[in-house]
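S.K.: Here's the letter readout for the chains.
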Amino acid sequence: MKTKIGTVQYESERVEAFADEIRNVPGCEELRSCIQCGTCSGVCPLSIYMDYSPRQIIGMVRSGLKDKVLRSRTIWLCASCYACAVECPKKIRITDIMYQLKQRAIRERIYPRFFPIPVLAQEFNKMARSRGRVTENVLAAVMFLKTTWWSAFGMWRLGLGLVMRGRFPFHLESIKRKDELKRMLKTVDDVTSNTLHASGRRPFKPIREGSK
Amino acid sequence: MTTYSYFPGCSLKGTGRAYEESLLPVLRALDVELEELDDWNCCGATAYMAVDEVRACVIASRNLALAERTGHKELIAPCNACYLVLNKTEHYMRESPSVNGVIQNALKEAGLASSGNLPVRHPLDVLVNTVGLDAVRRRVRRSLKGLKVAPYYGCQIVRPYSTFDDQFNPTTMDRLLEALGCTVVTFPLKTRCCGGSLTGTLPEAGLHCSHVILKEALRRGADVIATVCPLCQFNLDSYHDKIAAKWGATRIPTVYFTQLMGLAFGMNERELGLHRGFIPMKPLETSSPE
Amino acid sequence: MDKHDNEEIRIGFYICHCGSNIAAMVDCPEVAKTIGALPGVVLSRDYKYMCSDPGQELIRKDIAEFRLNRVVVASCSPLLHEKTFRSAVEAGGLNPYFFHMVNIREHDAWVHTDKGEATKKAKSLARAAIRRVAKHKALEVKQVAIHPDVLVVGGGIAGIHAAMTMANAGKKVFLVEREPSIGGHMAKFDKTFPTLDCAACILTPKMSEAGSHPNITLMTYSEVVKMDGYVGNYTVTIKRKPRYIKEELCTGCQECIAKCIYKEPRFRDEFNEGLGKRKPVYIPFPQATPQVVVIDPRVCMNFKDGALTNKCKKSCVTACGEKQAIDFTQQETLQEVKVGAIIVTTGFQTFDPGRIPQYGYGRYPNVYTALEVERLVNASGPTAGHVVLRDGREPKSIGIIHCVGSRDRLTNRWCSRVCCMYSMKLAHLLKEHTGAEIYNFYIDIRAPGKGYEEFYDKLLDEGVQFIRGRVGEVTDWAVSPEEEGRLVVRVEDTLAGCVRRIPFDMVVLATGLEPKSDAQDVRRLFNMSCGSEGFFLERHPKLAPVSTFSDGIYIAGCCQGPRDIPDTVAQAGAAAAEALALIDKGYIEQEPNTAHILEDDCCGCKSCIPLCPYTAITFDAAKKKAVINEALCKGCGTCVAACPSGSIVQNLFDDGEIFSEIEGVLAHD
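Protein chains in written order, with our numbering: chain A, 1 to 212; chain B, 1001 to 1290; chain C, 2001 to 2669.
Just so you know, the hints here were simulated from the structure itself, not pulled from any lab data. Check each hint, because a few of them may be wrong.
Selected chain A positions facing chain C (in silico; Cβ < 10 Å) [what the hints assert, rightly or not]:
id	residue
1	G6
2	Q9
3	C37
4	S41
5	C44
6	Y52
7	C88
8	T148
We put the beta carbon where it would ideally sit given N, CA and C, even for glycine.
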């Protein structure tokens, strides 16, 4: 096993199939067209808080630097406001690519343990799946419990304010036909996993770059 | 009397109650009835997509199928996130046969089907483009003259699908507010993201997004910010103390555009849910109802 | 009655190995043997390279020795060597149209993998050709005379150069220009890259020469409205728009402008990109050629809604005095010219940056387009070369944004080629004029020409800041005190790896080049095609960049694609050379595979007339028969197939020839 010298990236660390995997998702086909112009980062309101800019993330995805990408803070900071996607001169749907990266990071459990954003996403998911609806205050409470539970105390004023204004329901919302929803979601489990191939064609076989 | 299918979304039943409280009577005053979709389920918003995009589309599609079954021609979704997710699901259904296949399969399990062609519209679109500004103007009983409003659309209503307005500089709400007599201030941040759910999970980033919007609205001389999305309203309205602590006070009320409409229509503050906001609006100059 | 009708058919058949291109898949000796046994075939050979000199010599000798009167060669595509073999046949003393070529390379050997099947197919194809060639008739190549005059459409630098080149070669040239003066976009520039030559200084001598050249007829303020005819014989109708000035009497003294009843200029000056004002009577710019004023009826007091009212005091007429050059009764006229070749040099238009609202053009007064800045820095511009903002302030910091409306799938996909260079030029000029801090925001720096990279080097040395990042937005939303009241550019500095907010007093948009908005109408006028982006289509992107698919019509300059001045002038020269080559030959040769109408059989139904894509068919009203102009006919065969009475016959493709070919393919061994 090579010892890593400084910040050099070895070929063995790259996951070549990663770029193709992302590219094959419906809507993310234009990944290769990126000319690294930086428009996305320029318009992204959250880019100034990110460790890697959206442009860098796209570049890294293309280069197969999977680990770096999935461990970044950037993918969680994306608020999916779509500003990048509508201005990209190559019409790359960057927001949808960010969603793909979030999903993969969650699936592979690559995120700091008590990081609120993926925890919130998963709790939201659980609640929506099981009850069919989401009760915001309960969701927030669960999120705090599972992450930085002490910061819930900082929210007491907000919580009280909501209670006083009648915006704090004291019951859990749910749909009548919860079973129906569960059955619907089960059919998806029986089909392929999350990665779907563009236009239902045969799965794209990743070609090694340079053999075109 | 026109009736539309109505998808409230989880927020409008929870923290965003005031939106529904003001939307329904305002539409009723304009001869539009909304019929809440029976047994609607959560659309998934941005959170579900972060975990599983296909399943997010599947649960969203259930609502589309239920709506199609009612026979009403269109589905109204006031929350920006719901509006986006439902439209996005329909786009996937139309553009990607493989995703559509999975969705139809899942719907079949519930005895449902969806064509992927049901128009999902925002009440702003319906009010200005279908009901029409003339009808709105006729219904105004008390002009909001002198009230300076900053129109804030948020991101998901114009991006990525701009079905009824310009993506970069939308004016639907501006025109609506002007029809009510308000003075609409020039607001360059009208479609800038408010931070979304980050205000709760990563406040140093999310709250700052909200803060800049509030600050600029004040700088432009607005008395109030009008929103179309419950999360935007929550973010801009509920965190003033935290924002003040970090970057200085920017106290300006944020209300739903339907609440302003209700005021203009002569309805009282309480029935419009204006007491539910954190920063109250200054009392309007008393002008005799027309 | 063809004199060859009763003659015995003696066919010579040659199958080419083409090295291994054909021989690898087709058993050539076998084919030669089979074909040699067919009736009518006197001689059947297989040979390694038929197109070589010995191969052609072989044909020539065989015709004499074996008294051949038909020749078939089975080899590659006729596109490559039909001409070669026809010449060889002609050299052997036979009419070249007694030759037929069969493609057994692209159509057979190169597209099959089974040797047996490929050989069988070659035999079928060859058999078809044998049967067909027996039916061939002798045909003559026609010669059509060429009119020696030339029309150049568009008086920019391309048109001027092409016109001058041909005029100097002794040809009579009509130079038509839509604007009141020639000069095009180049007349608006201040300096040109990379030499920083003054554009007007290098252009105006050429303009002046063109205006006074005895062989050039300048038609300004005119447009082509109709083109009829065919290569070598075009009849073009030109609309002369009324200037309300008698060109030959006006001396360009401009007294009329000085004495116009509008004391101050009030109307949008198009030449100065709307930055300045002019009067209803004006001259576009000081060096305009011809040096004649124009009156704009849309704003002149003497007109209302385009109609003459004569309500004005007409102080201009008084000022003109005894020259009496002003004529308000002037009407639009149509003029016809006859020419042999046409060169289209209509140029480009700049991208409208209003289409990218994020950059704030039109919303913020201090956002300018590159062309507007050219007029600002120009000494003869609206501010006499003084760079000031719309409120009169001098900018202390200027941001230049590259790729506005270029390299963008949302607007124009192509790279406009000149913007990097002109942005650098403007950076240099603005720094020179104002001493301001200049920033250029780019995606890539494209500096391919002679001296271009060195120019970039120079700019870097001068302290112009180059930031690699495509600008996201230009906004007046200020976050810090230094941004108050200024335009803020938000961009990712990709090389430094950070998002930056930089405040400017002035933002310049490097707008790209587009085809002119009426390009589709113009191309239809001249029977040309446009590419998918809308620029005129050249015949071949590499080998024929200045000719079009219509013979006799050439294109040059930016109407074919974005390019800088050196390339434009080179292209204009090339187009002129090709036009000269055409004209100096004196005649053109027509392929004889044209269609003609058997008059007796024509029933006058007129079905064929609208079908002809080359408008070669007209109707003789007296005889009530259709007539085909064989000089225009390209032999597409549409009318032949459509004619309900079968009275149209096409040379080389008559029914007998086609049916015999079909029979040959279907016949069994």
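S.K.: Taking the hints in turn, state whether each one holds.
M.R.: Status of the hints after comparison with the structure:
| no. | hint | in the structure |
| --- | --- | --- |
| 1 | G6 | violated, 17 Å |
| 2 | Q9 | violated, 16 Å |
| 3 | C37 | holds, 4 Å |
| 4 | S41 | holds, 4 Å |
| 5 | C44 | holds, 8 Å |
| 6 | Y52 | holds, 9 Å |
| 7 | C88 | holds, 8 Å |
| 8 | T148 | violated, 28 Å |
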